[in-house]
Amino acid sequence: MNTIVFAQTGGTPSSGLSDLAFLAYLGMILVIILMSLPGFQQRMYIYFAAREIENGLLKIEKALNSAKSKTKQLLEQQGAKNADELTKRFAEMFTIDPVNVEPTDIISRMRLLIRTSEDKVKNIIMSTLPNVDPVTRSKIEVSAEIVNALNMLHKVIRHYLLLGKKMQSYFILIQLQSILPMLVKMAEAYEKAQDTFIKGVPVGDSLGPLVASRFLMNIPEKWSPSKEMIAGETIIDGRKVIVLKAEGPMATVGTPGEAVENVVNKLEGKVNRIITVDAAAKLEGEETGEIAEGTGVAMGDPGPEKIAIERVAVKYNIPIDAVIVKMSLEEAITAMPQKVYEAADKVIEIVKRIINERTKPGDTVIVIGVGNTVGVAQ
Amino acid sequence: MSQQQVQIVTVLKCLKCGYSIERPFREGDFVPKIDGTCPNDGSPLFIWGIYAKSNEQKK
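Read top to bottom, the protein sequences are chains S and G. FYI, my numbering numbers position 62 of the first sequence as 62, with every residue one higher than the one before it. FYI, my numbering numbers position 16 of the second sequence as 16, with every residue one higher than the one before it.
This is chain G alone, in the form it adopts within the complex (with noise of 0.2 Å):
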């Protein structure tokens, strides 16, 4: 039997340099909010999609 988990994850992603990263949704984010700085440039990171991540797990 499997169970479905689902976690909302945000990605935030510099359009500058293509880094991205993701981290638990927070009520307040939407897209295309700027959410900080990118540590390789400097450059405004962008939340570029929330989702449901699902991991099937075994029972």
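If we strip away everything but chain S, and leave its shape as in the complex, we get (with noise of 0.2 Å):
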């Protein structure tokens, strides 16, 4: 009946019209039926939200393969012949967390996985380019844990979208959906720390180690009191200062806690300060290279290294000061950022008011410059 009328009315301009408004109220009403039924609109949010965590997960993956490739240039450029398949063993180490039920001794047992990890890449690299001179390793060393890190965190988003998606869990997709943003841009910025860190450009987190510098560049005598760490001895106003940081310009941030501890015991304790400074994350709102002073180990590790100026410091009553530069995640493993180097100076000058303020002339300060000191040498 209705296609009789259609055919008689399909002349005239009105008629299209209302062809279309008759054709909108259908469309509306199995809309409404479609939305009614038990189960539909949780699908369709199902639908979308996995769209967004594929379109997320396709850009980690951009920047994993962006990272594994410069990996293996790297590798090629200096003769390794079997650069892909060394890649793939970096992108796939893994470290197994300490037991942490029982918490005796988990900072020793820390510390001993923590240093084989890596020195297991070290050895790699060591064994297949035995020749590399220490500021090439250390590049590809960080390129592997660039790598390792992208993996992981490719494979770990694309685990929890398979899963939502098997389960059709609205909940699993939409808690990755929520912070899939910040994995992106997390992603993003280890794919352009790796430029920087291959190019050899002191990154933002270098800021402890360049105000250091500043301090060593003066002492001809330094010695290495741990494991890829530098220290050196200066007199500030009447105080014996000793100051300390990572062996650079190779990409390392050395083992600054057990710099700390064997020097302090060597002075049999008799340390009057110990100052750390530090690159930190700054909360949204705040300013890049704002500079800031507290109490306690400016230290961004997982343990290890921090406990045992903790632990050094209050063996022998030794009070500990922080001097700290904000700037956000991903221009601590950039490029050092202008405010960042600007803001080193005047840290300088506050670290020389704090030993005057806090110590007297024939005391002895112990200044750490804490960071990854790429592109900064003593």
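Be a bit skeptical, because a hint or two may be false.
Ranges between beta-carbon positions, derived for each pair [claimed, not checked]: (1) G:Ile34 with S:Gly294: 33 to 39 Å; (2) S:Lys81 with G:Lys16: 47 to 53 Å; (3) S:Ser127 with G:Tyr19: 17 to 23 Å; (4) S:Lys185 with G:Ile21: 31 to 37 Å; (5) G:Val6 with S:Leu112: 37 to 43 Å.
Heads up, simulated DSSO-like pairs for lysine-lysine below, C-alpha to C-alpha not over 27 Å straight-line [said to hold, decoys possible]: (6) S:Lys199 with G:Lys33; (7) S:Lys352 with G:Lys16; (8) S:Lys185 with G:Lys16; (9) G:Lys53 with S:Lys199; (10) S:Lys339 with G:Lys53; (11) G:Lys53 with S:Lys282; (12) S:Lys222 with G:Lys13; (13) S:Lys165 with G:Lys33.
Don't read these hints as lab results, they were simulated from the structure. On a predicted model such as this, the values are computed, not experimentally measured, just so you know. By construction, the Cβ of each residue, glycine as well, lies at the ideal position given by its N, Cα and C atoms.
Reconstruct the complex from the two isolated chains, following the hints.
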């Protein structure tokens, strides 16, 4: 019947409009029916959430592939014949957390596992490229860490995406969807960081070593208090100041906790103050390059290095000061921002002021520039 | 809309007279490498810093 009516009125413009209106009504009714079906809305949400996560995952995969290809290129430039196989090995490496239901000695167990993991990568590089110089070796090490981190990020996100789709669980997907923008940003920051480390440009996190290098550059005699660390002694306003930093210009953070522990023990605890200088993550709304003073060990370490300083300070009752310069995660691992560079000289003045205000002539002070020392020697 | 253009620069400084100059970063630069001499007094020029100079440009 309707067909006949359409056929009879089909020639006039007003009939075209009524046809459209009829189809719109039909569509609306269809949508209302579909929306009232149990589970339909949820399936729609799952579909859209999964689409968004897949898009984010593609960006992370792009960053991972780029990091892998740069690592392979770096290995090939040094003459490695099995660059592809090595990159795959780096990507799949893992470290198992120590048992934490029994916390006794967890720090020493953690230290052992972290050092073993670091040494393993170093040994693989050295056995493949025995003549590689320390700076290039550290660049390969950082590239391996970046490939490993991106690979893990990619695998975990993919796992929860597939699990959410398989279980038709909107709640798994919405949790992933809500944190995904941050994870994508992190992956993109890692990708940029690799270029910076390969070029040997100091990163935001090199602020601590940069401050320490200002003191150390005029000290002719330096020594190594622990693995990949350098120390020097100077006099500031009548105080003996021992300055520590990771040994640069390699891309390493060294072992600052062990270095402080060794120096304090060697001086039989006769240290009056420990001052730590480090880059710190800023909160949204805070300015990059802002300087703040505080108490405690300024160090973004998983535990073993930081606790070594706290323990030795407690043993000999040494006060610990912290001076931090704020920056975002991306700024901390990519080329040092101008504001952070400009903050370095201000931090030196603050350190000198702390030494003057809180110690007496004849006292001994330890200053540690914490952070990755890429592009900053001593 | 603004676009961030990042240029890596190396700052060279004479510790004797305070003379300072900036140039684009070159691979192999590091703080405090000696790189040339001061045009004022012939003292060594040290690499004093390497940083990302950011110029916010309106698109």
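We went through each hint and held it up to the structure:
no. : hint                              : in the structure
1   : G:Ile34 with S:Gly294: 33 to 39 Å : holds, 36 Å
2   : S:Lys81 with G:Lys16: 47 to 53 Å  : holds, 50 Å
3   : S:Ser127 with G:Tyr19: 17 to 23 Å : violated, 47 Å
4   : S:Lys185 with G:Ile21: 31 to 37 Å : holds, 36 Å
5   : G:Val6 with S:Leu112: 37 to 43 Å  : holds, 40 Å
6   : S:Lys199 with G:Lys33             : holds, 16 Å
7   : S:Lys352 with G:Lys16             : holds, 21 Å
8   : S:Lys185 with G:Lys16             : violated, 44 Å
9   : G:Lys53 with S:Lys199             : holds, 16 Å
10  : S:Lys339 with G:Lys53             : holds, 9 Å
11  : G:Lys53 with S:Lys282             : holds, 20 Å
12  : S:Lys222 with G:Lys13             : holds, 23 Å
13  : S:Lys165 with G:Lys33             : violated, 55 Å
Of the numbered hints listed earlier, those contradicted by the structure are 3, 8, 13.
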